[in-house]
Amino acid sequence: MSAVDQAPFQLDRNPGIPLDLKWVRSIQVNRSATERRAQSLPARRTVKKEWQAAWLVRAIECIDLTTLSGDDTEGNVHRLCAKAKQPLSPSMISLLGLGNVQVGAVCVYHRYVAEAVRNLEGTSIPVAAVSTGFPAGLSPFEERVKEIERSVASGAKEIDIVITRAHVLQGNWKALFEETKTFRAACCDAHVKAILATGELGTLTNVARASLVCMMAGADFIKTSTGKEPINATLPVSLVMTRAIRDYHEATGALVGYKPAGGIRTAKQALDYLILMKEELGDRWLQPDLFRLGASTLLVDIERQLEHFATGSYSAVSRHAMG
Amino acid sequence: MSKVPDILDTMSYGPAPEDASPALQWIAKFGGQFGVFIGGDWHPGLGHFESRNPATGEILAKVTQATPEQVDQAVQEAKKALPIWQALSPTERGRHLYNLSRHIQKNSRLFAVLETLDNGKPIRESRDLDIPLASRHIFTHAGWATLRDEEFPNAEPVGVCGQIIPWNFPLLMLAWKIAPALAMGNTVVLKPAEFTSLTALLFAEICQTAGLPPGVVNIVTGDGEVGKSLVIHPDIQKIAFTGSTEVGRSIRLTTAGTSKKLSLELGGKSPFIVFDDADLDSAVEGVVDAIWFNQGQVCCAGSRLLVQESIAAQFFQKLKARMATLRVGDPLDKAIDMGALIDPTQLDRVSKLVETGIAEGAKAHVAPCQLPSSGWFYPPTLLTDVEPASTLAQEEIFGPVLVAMTFRTPPEAVALANNSKYGLAASIWTQNLDVAHDIAAQVKAGTVWVNSTNLFDGNAGFGGFRESGFGREGGREGLSEYLKYSYISANNVLVSHGEVSPTPGLDRTHKLFIGGKQVRPDGGYSMQISSEAFAIANRKDVRNAIEANENATSGWASATPYFRSQILYYLAENLSGSRGQMIEALSLSACPNPEEEFAYSIDFILWCAAWADKWDGAMHQGPAQTLIYTRPEPWGVAAAIAPNSAPLLGLLWSAIPLVAIGNCVTSLASPLNPLPAAELYRLLDSSDFPPGVWNILTGLRKDVVSHLASHQGVATIWCLDPDCHELVSRSSVTNLKSTWNLDGDRMDLYASRSPELFRRATQVKNIWVPYGS
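Heads up: the protein sequence lines correspond to chains A and B, in order. Under the working numbering, read the first sequence as residues 1427 to 1749, first letter to last. Under the working numbering, read the second sequence as residues 3 to 775, first letter to last.
If you're looking for bench data, these hints aren't it; they were derived computationally from the structure. Predicted model, so just to flag it, every value in this text is computed and none were measured.
Pairwise CB distance ranges (calculated): (1) B/N434 with A/A1677: 18 to 26 Å; (2) A/K1694 with B/P24: 21 to 29 Å; (3) A/S1452 with B/D440: 15 to 23 Å; (4) A/S1517 with B/L629: 53 to 61 Å; (5) A/G1628 with B/E153: 41 to 49 Å; (6) A/S1452 with B/T358: 32 to 40 Å; (7) B/P374 with A/E1604: 49 to 57 Å; (8) B/K322 with A/H1504: 47 to 55 Å; (9) B/T393 with A/H1734: 51 to 59 Å; (10) A/K1694 with B/S261: 55 to 63 Å; (11) B/A417 with A/H1734: 57 to 65 Å.
Here a beta-carbon is modelled for each residue, glycine too, at the ideal position from N, C-alpha and C.
Chain B with its partners taken away, still in its complex shape (with noise of 0.2 Å):
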């Protein structure tokens, strides 16, 4: 008997699903059990745990529990390989790479099913986004390998870095981390999630059938353990991870006090903005793809909907339109829009949550779809009613669960866009080219897209501000993250750890430099550093400082760079003015060579002060009709702790190139020579540095730090002297701010003067404009 009469009176879909067989039988060829990876060959596992299917609860394989040992073994293969890997040249290296992103089109289908086997997302997204992209990523960067040592002559490999990323984006994770790091002449060693381990090492087998020299990748599987043993591993360089902000957390407390290099792509909760203005129909599918694209399992998912109180009740009824249309069930049917959650925990967090934002008064509308039987599947599930002070307009929910608040004003929209504590991407959804520009400039978020969402090029940069991490991966700017810039050591000309020299002179009275003002400390005491007393600056002053930045910020960061330019000529030329004074200054602080240290600074205020109005952003190439511009934005309030030595020109060196580039900085001035930064202060006045611009406080080293590294007011902290290296990572935590640690005393601050200083004191936004008439 036909079916087709009864089709043709539902005009249903009918299932269409994709054929799992070549997955099953690749994992069939390894006996349904997997080794390790390292040093180009399979290594078998001691102990092994399951990787189940999110859609149906079945197990797919077993996969290894690495052991410590293995993990060392994996770390020693890649350390090996170094040399070998560095000797070929930039183009065999560019080669490999290409090499690699081919095998991964070639074998597409392969890894499309094999993702959605064991993520559950629809095979739809992994054949149509996920493998591509990451063929895509690799791809570009076979093409940065090749151009590596022109395009960053003074600049070396990291080493051998360790990588830990996420269940979400299996192999799309894994491209956009291998492929910098392989690009510019790194090893790696990576663990996949334990949830999703299987395209890794579909990945690691490709390694091998294309060539790439041994234990350049080296892939180890397993739980949290594995990765702490990577985190902790001497012989590792550099930590990439993505995940969630809570193990960052625990990342940035393990490595603070070590050498190693850190990158952390964490959570988020980003806004989608909806004008009044907008194309609403397209806003909705927007919205679609925001949250409901691989479940709401996104790191950048628009989970929090801003809508104009004008056009709010005609989008929500739109929107609750096209959520009936929406289909969840088995991913590898071609027809669904959403699969399964990646984990039973995964579920009864999301349930939880949402159960929690209906106690506290949010009104939900569930999508009217059917779920299957078996797995962990959720509905698509809208929130309104929800308000800022909700649990659920604050907490990262990681699903499919999208909750909406409404705005009068763009200054409202802004306001409530960044009244987050993440700052990973944001959706800007409006027709005036005005309000998109002005919007996408204001939001705090690492990328935005207007009239669009879920964009992705390898030769954008992605990564957050604020909470959701520091770094970014893909684009120019992601390759930073894989190299290290050498810094030229000190000739002895600047440092000097000798005595000050107990010359008599005036009693003066050196006070803080807080918001424009000389201010006593709030503690009331002073230290005695020869024959003069410092300010003791506690806890208090730091407080008053950090507010007096930021309530500087936002004029600063928006006053044109020409004016900043300009003051910072002025501070030049007063300072010039002020050479008997400095030098003498200079010289009562025990520096060797006064005459120097003081031109040096003034060549180095100018320097900075040239760059001011030059720092740009750049347009990367994508996809056709698309506009992609970095904004390479100040950080906000930043924290700068002077060197010991060179008590004028470190003072400038790490606080100038922040101040010039649109930051506001608390100074802790050197310790051991203060009086240069007291003179200098005193200038700052009269160069018209709008108060609060440039705090300088002195006072005990340590206590000063802790406050200023774990203030949550504080972005990014650059610090110059060893000693507070491991207490700034540590204290950092508290916002995961950024951090850049330095030894300021063994450097030869003037020759190490590059344009890396303003790349560190920027944070790069990456705007995507689609556009068309």
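Looking at chain A on its own, in the form it has when it is part of the complex (with noise of 0.2 Å):
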């Protein structure tokens, strides 16, 4: 069975918690181990042939298949939501053995959305909007709540917004917990994926607190990158990032999901991404409800890994579908 044939989100979302200053300023992360620890991850767990191709068709289902470019228009957003329907060909799905399979969700600008909710209406995709003046998060504070409001009303069901990096950088953590808290209420129903920018917080202890307070003002996921810092997704800072959610977890037993962003382009670093969450966080965060991988051009390199392990042979670009 696949994940698609469940709606996503049935879990009960995180409803936070009051801000716990000691907990927060008690943390502390090694870089050098954690690094150490990233590096040896993927070369102690790997999977091989038909689990393999079922580690990839469950990437396939986490992807946030995105489009954040300033040149986006309603042509590219149609098609990027066809592919989100139909990720892989019909002759792949077959040969694989399986029923439906479709993307995690589309994430594009404000802009976009009512475009990509028409787009996937009769699907159970969701349409995520990045908001709150992304990717710097520096609007004026009312128009980034309005900003969530309105793509809420346009019919998002996720909201990746942006936290304020000074808030961090200046140990501000009560200032981070009220903005964060304000935009989820903000959201409504709409589930909040908070993105710490990590690229730009200095250090893994910056990215450890700074999880876990967004986590406590009530985020239902936390996403390492907007795709444009200088660096986003790592898998240090996964680490760090799924550490503090498997700690909050244990408080309080809320799940939080994970979102890592930025820079994965290949099969091989998405079965990373998926290996990691096991390890660190167990099963139940494979499924797309708490795993997320954004990504815009990571889904035709997992085609052609799917081709080669159906056919044998390497695939070329050109040959799958156009995102």
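Got two chains here, each in a separate frame; can you build the complex from them with the hints?
Shown next, in the form of structure tokens:
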């Protein structure tokens, strides 16, 4: 059975907890040890043959298929949605013995939310909107809140907010907490994915503390990057964020999702992230309601790997439908 | 039917086997039966034993049990190859080592698979650690070979080296042994462990194809008997052994009284210390790498977990959760964490020790992993409620079993960490720089890893304190094990064995100098030497002296080098001031040239005082973003047996370098002429020597030497009396103390001043600090 048979987000949302500054400040991350673990993890686990194929299908189901470019138009958003609905060719799906396969979500700017919602009508694929002055998050606070409200009104089921990095860099955890709480309230029933912009937070300890504060404020997902920072998703950052999710889960029972985004382009990288989720958080976090891969060009590499699995020969990009 | 839908449900890993066939084909090429590698050629064995795959119990190959004649033949070939090897230029030897390193690299997967088949370790480890590290070790020593003449101009190669290695890292230990030996111009006969001979035999083949001159490397296989033949062979000048403390001890006994150089890398019970400000998740991963690496069959395994009480419950909970994701199984599977133990006997030993621990009250938590039905597997195990008094807190288990204790404060962490007969390694987890460096300096261990564990590099030295052995492997410090320094022979200026001329003098009472006081000998006996009576120290006096040393150790070792240096200058000053008295004492002691010995003695003290605050550590080049620094640390308590002749300079030569560098010393004065020593101790007090830093005894030589050499509180002993060398080596096995035997009567002590004295006066600790903001 594939995860897409379930409607996304059957689980209880993270209600958040009061800001616990003592806990936040007690967090310590040792960078070199974290990097060593991140380096050895992909060498400790691997999946081959049918297992690799199945894991790659799961990766597709977890993709937030994304277009966030200045030159986006209705046309390419339309194309993206078509690919989201049918990420694999019918022949591949039948070779793999699967029913329907679709991506986790389609992620666009507010301007194209309505268009994407229209395109995805009749499917269970949610539309996610990047919001709150994405990517820098520095527009006036009221406007950022309004932007959320407008995207929700246009039909976005998920809002990818960006946090104010200054709050983290200045250790102003209360401000970060309040900001995230306000954003979450503005989202109503839409889920909040808090983008930390980890490449701009300076240290892994800051990443861990910011992760925790956002979860305390009720984030449903924590997400690494906008894709616009110089350094986006990395395995060490992911290790730190997933460990924060684990600690928060152990303390509160709440399940918070994880979304690495930016720079994930190969099937091998996608497998590394799935392995990391399984090892650090367990199988429950291998479902699209708790794991997303933010990516725009990843899908075609996965298709090529699956083609190789099915036929034994390597495929060319031109043979796979554009998204 | 596609399996994909089902796998999507379980998201399991599935099998990921490495192909064993290239390694099996390599074995088949030899008909599944190996000879020994002597003089660059294979020689058929006369008897064979089976080498098995620990993961299945199946026979992999038959390996030769080398005969004593074959061992002798190997040694003779190595001896024949010595002049050929040494005739090469340093760069030529460097090229050979470089070629060997590259050949390992080019066959790395074959080596890795063969190692995993033979040893049972996960292919990930043999592929990512054992083989690359082995190649790296030989590579870095290719450089040392090239630099040998300019970096060690006063040293000679030792000669033929007998090397005996264990089964836990077969090829890596081979590299650790062979690379420095060859780089310094020696030739070797190496015996791999009987459980794991195959990669050594593949290495032998590589020596052939790489064009190493025949006889430079010889490989003889077999059990402990073969090792024994090597150890007792008269043409072997150096034994290097890695293995159990028990066997190390017997090698120490066997080589006692011979001139063989010896280095021992033995067992451990290394502490893994987690402070309350550590990155706990990273520390948990550290534990995995510390004790479940290579099934825990690692001499430096972090097998004693010490956790600060305030975070202990949280840490154990995290650790148990992590244990649930460990995968144990087919070592050739690329996605498993732990393979099989080496042998059924080892499996049995580990099981019995854990039973003992549980019987003593430990609580066991076993990783909930599935073990294969065949092969010699043992699950990752955590034992809590273990106390220092428990068997398992003291005994090396050498398996995937971690024992855990808690501590309250940093000093208590140090006390628990050092509450062991071993001292191989330690791992310290804290985000606090002050705590890290403070604890790193205090733990008794040859290697300390800060926020990391089990890191190795050819440029960093590795080796133990205490009963974990002596000698270092890797880095500059490891090279000395394969070099000998020739001491300039005596020119007879200071040497005399003549009888003392019976000059009448005023009766004086010479006592023992212990703990900064002149004390009467416990036995109440004295000996008459010429007209004077000297106290005879007995067992209890030795005990008291060492106790006084022990009490002074921490203060003296932590005193600033500047302070120690000042005290030595002060001693030189006071000795100068007592010129008349000392010259007279030297004259009465039948010194052929009292004036000269007196002058040399003062110079020698000044020379030591000069070095006292300049014997620096080093910084090794290692992996990126990793600081590896060395601390030359004093041993603690040292014993110094003065030579018969040169009653003043000999006494100083054997003790002052040790004192200068922070050791507390008990000296035994020249038995023939103890008068200058008696004069000297009277000066120590007025030179501000803290009590117990230097004790000076007189007495019956062999009696005192045997008590000093067997005392477990003494960490090193320098013996300049050749009549006592064998006694010193034999008695030293109680705690496997390091020994330095020299013939002080045939050396020109003054001319033989060299930095080697300070190298010998210290043991090197390598501290690894990976960093990143």
